[in-house]
Amino acid sequence: MNLRDVDWKPLALVPLLAVLVLPLIGSPSTWLTLTVAGLAMGMIIFIIASGLTLVFGLMDVLNFGHGLFIALGAFVATSVLGAMGDYTQSGAMWRNLLAVLSAMAVAMAVAGAVGLAFERFIVRPVYGQHLKQILITMGGMIIGEELIKVVWGPQQIALPMPEGMRGSLLLGDAAIEKYRLIAVAVGLVVFALLAWTLARTKVGLLIRAGVQDREMVESLGYRIRRLFVGVFVVGSALAGLGGVMWGLYQQSVVPQMGAQVNVLIFIVIIIGGLGSTGGALIGALLVGLMANYTGFLAPKVALFSNIALMVAVLLWRPQGVYPVTNR
Amino acid sequence: MLNRLLSNDYPRSKVLAVILVAIFIGLALAPFLFPGVKALSVAAKVLIFVVLVASFDLLLGYTGIVSFAHTMFFGIGAYGIAVATTRMGPTWSALAVGLGGALSLSLLLSLAVGLFSLRVRAIFFAMITLAVAAAFQTLASQLSDITGGEDGLSFKVPEILSPSFEPFDEPFLGVTLDGRLLCYYLLFVLAVVLVLALLRVVNSPFGRVLQAIRENEFRAEAIGYRVVVYRTTSSVLSALFATMAGAMLALWLRYNGPDTSLSFEIMMDCLLIVVIGGIGTIYGSAIGAVLFVVAQSYLQDLLRVGSEAAASLPWLSALLSPDRWLLWLGLLFVLSVYYFPTGVVGRLRSPRASR
Chain L
165 MNLRDVDWKP
175 LALVPLLAVL
185 VLPLIGSPST
195 WLTLTVAGLA
205 MGMIIFIIAS
215 GLTLVFGLMD
225 VLNFGHGLFI
235 ALGAFVATSV
245 LGAMGDYTQS
255 GAMWRNLLAV
265 LSAMAVAMAV
275 AGAVGLAFER
285 FIVRPVYGQH
295 LKQILITMGG
305 MIIGEELIKV
315 VWGPQQIALP
325 MPEGMRGSLL
335 LGDAAIEKYR
345 LIAVAVGLVV
355 FALLAWTLAR
365 TKVGLLIRAG
375 VQDREMVESL
385 GYRIRRLFVG
395 VFVVGSALAG
405 LGGVMWGLYQ
415 QSVVPQMGAQ
425 VNVLIFIVII
435 IGGLGSTGGA
445 LIGALLVGLM
455 ANYTGFLAPK
465 VALFSNIALM
475 VAVLLWRPQG
485 VYPVTNR
Chain V
1182 MLNRLLSNDY
1192 PRSKVLAVIL
1202 VAIFIGLALA
1212 PFLFPGVKAL
1222 SVAAKVLIFV
1232 VLVASFDLLL
1242 GYTGIVSFAH
1252 TMFFGIGAYG
1262 IAVATTRMGP
1272 TWSALAVGLG
1282 GALSLSLLLS
1292 LAVGLFSLRV
1302 RAIFFAMITL
1312 AVAAAFQTLA
1322 SQLSDITGGE
1332 DGLSFKVPEI
1342 LSPSFEPFDE
1352 PFLGVTLDGR
1362 LLCYYLLFVL
1372 AVVLVLALLR
1382 VVNSPFGRVL
1392 QAIRENEFRA
1402 EAIGYRVVVY
1412 RTTSSVLSAL
1422 FATMAGAMLA
1432 LWLRYNGPDT
1442 SLSFEIMMDC
1452 LLIVVIGGIG
1462 TIYGSAIGAV
1472 LFVVAQSYLQ
1482 DLLRVGSEAA
1492 ASLPWLSALL
1502 SPDRWLLWLG
1512 LLFVLSVYYF
1522 PTGVVGRLRS
1532 PRASR
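Protein sequences appear in the order of chains L and V. Going by our numbering, the first sequence opens with residue 165, and the numbers climb by one from there. Going by our numbering, the second sequence opens with residue 1182, and the numbers climb by one from there.
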């Protein structure tokens, strides 16, 4: 792609927002802390939202039950980290990382497996019927949430961070929590992997082509349904990963967390344009930054700020910042 | 006469007609047929849900758009009554002010949400309403100076509607005629009027256009109907009816808080009732509401019995615990969307076609 063809305007939104609020916040060190926190939160939201936006773009399936996989991932992480207590307690960074990585792996596997079942039993019978999809996936999420309550109990469970990831680095006056840097790093790795898969592999090519024009890809002889199952499972697994990171970020998990994060994700993919991965990244970063800035400046309007952000973006580009053609 | 009242929309099935008449008579004579405080509360809840669900059906069943903000308008109605009577005392003018304020707030809010999100894409509407409803719920529990926060507001209603008002010493047919009874009948009349009004709306030329949009948006636009205008009007109307239902709830409970009128569970209940009763039929909401509210009020008791019976199997007992009733409701919901897509009314109207 030629550099001149790239649509730079949405990319500029993120730094623009960050620079605009600097005078409002005043102190640069507070601003830096908030910005890093916002980027970390945005990266986690992106990990969760990327799967959902692809599922929608590829198969026109609107999955309102995506939040279930977030909660599932987080709850699996509490079990895994709880079982690896001597790893999380130890001060050695590599043992902490090993614990968190295995928690992530197990959470992704479980969320992916449940995603496979969810696709088979909940989503597949209602392809092409938006109304029913919304109703059914909503019902699926409620069932899942209740089953989580059966297994782990309805109460809030603490998800303490491993020793080595606590504390913060001092950068001048600004305190930056270590975990937030880790979250940003993981998010970047996921984004890089996704971008590479989508841009450089055959599967990615098919996915992108399917998002643009499903029928054409099918008529060329590719089984887009099978591809879709794969995307759904990967999307669920990513939501599980995001759930682990979100749980560690909040340091506690509740069964209702899926529904809470769901709202944020919807805002993100509407801002980004349904089906667009790059748009989801921009939307997620904007939402993450906005949530942290308004949480500092005016906590009471924090949730409304995201809706206002969405309204503003949609007034500018009614299909989201990166509209996917043919939708 | 009947023709005009029902707006020419007869049940079109003998069984359905019998059930509807039975429900009508049952609700009309509920205080005399089913004495007791719990039974009367269940009957009042049925009345409120009939209106709430019928108004939701105008949006979901007739216009074909999914809104998750319906409980928000329900809550606005309930909070309108609650806030006004807390501030101005238990007078009729307070009720009027509360209802008027709530209706205008709902009007503005639904107009804003509708014009904004229905313009873009119908599919956005579901997501945007979900976000707005979540934000509103947070707001209602944070503005504790006005709404009472998480604790909610307890308030008094005009004397004639309160339980302490007892004009007659003698019980009538074994039932004491008190303010509670008057309140029930006020709700009953309101519910009947509102449901008939909704029947009028969906059977008017306007309602036909809505159904045309539901069936084929592009064709409706091509014939010359402004789809956005019709959709927005439909969502505003449905919001106003939901506000009325919320006001009825507040009047009956004499209390309102975030969990009673704004919780997401009520939204789920609405969805479930619409699906069970039959999408796109106002009558369905009446049948669904009766089935659902009665089941809900007694399902937890049933689950408790089941849970105790299965005490020897801990996992089964955990599944059957009364706290997990939403699990069974969710399963019921998914199964009814699959196997029962036309609901009770659809089944009764065309028993052969659905087989």
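Simulated from the structure, these hints should not be mistaken for laboratory data. Careful: at least some of the hints might be erroneous.
[Stated by the list, open to error] Computed list of chain L residues with no C-beta within reach of chain V, every gap over 12 Å:
hint, residue
1, P192
2, T242
3, M305
4, P318
[Stated by the list, open to error] Derived DEER-like restraints, expressed as beta-carbon distance ranges:
hint, chain 1, residue 1, chain 2, residue 2, range
5, V, D1326, L, E327, 42 to 48 Å
6, L, A247, V, V1196, 56 to 62 Å
7, V, E1396, L, V367, 36 to 42 Å
8, V, A1491, L, Q415, 57 to 63 Å
Just so we're clear, the structure is a prediction, and the values are computed from it rather than from any experiment. Glycine included, every Cβ here is placed at the ideal spot set by N, Cα and C.
A quick look at each hint next to the structure:
Residue-level check passed: L/P192 sits 30 Å from the nearest beta carbon of chain V, beyond 12 Å. Non-interface status of L/T242 relative to chain V is upheld: no Cβ of that chain comes within 12 Å, the nearest being about 18 Å off. Some Cβ of chain V comes within 12 Å of the Cβ of L/M305; the nearest lies about 8 Å off, and the non-interface call is violated. The beta carbon of L/P318 sits about 7 Å from the closest Cβ of chain V, which is not more than 12 Å, so the claim that it is off the interface is violated.
The supplied range of 42 to 48 Å is met by V/D1326 and L/E327, whose beta-carbon atoms lie about 43 Å from each other. Taken as a hint, the range 56 to 62 Å holds for the pair L/A247 and V/V1196, whose Cβ atoms sit roughly 57 Å apart. With their beta carbons about 38 Å apart, V/E1396 and L/V367 fall inside the hinted range of 36 to 42 Å. A C-beta distance of roughly 36 Å is found between V/A1491 and L/Q415, which places it outside the suggested range of 57 to 63 Å.
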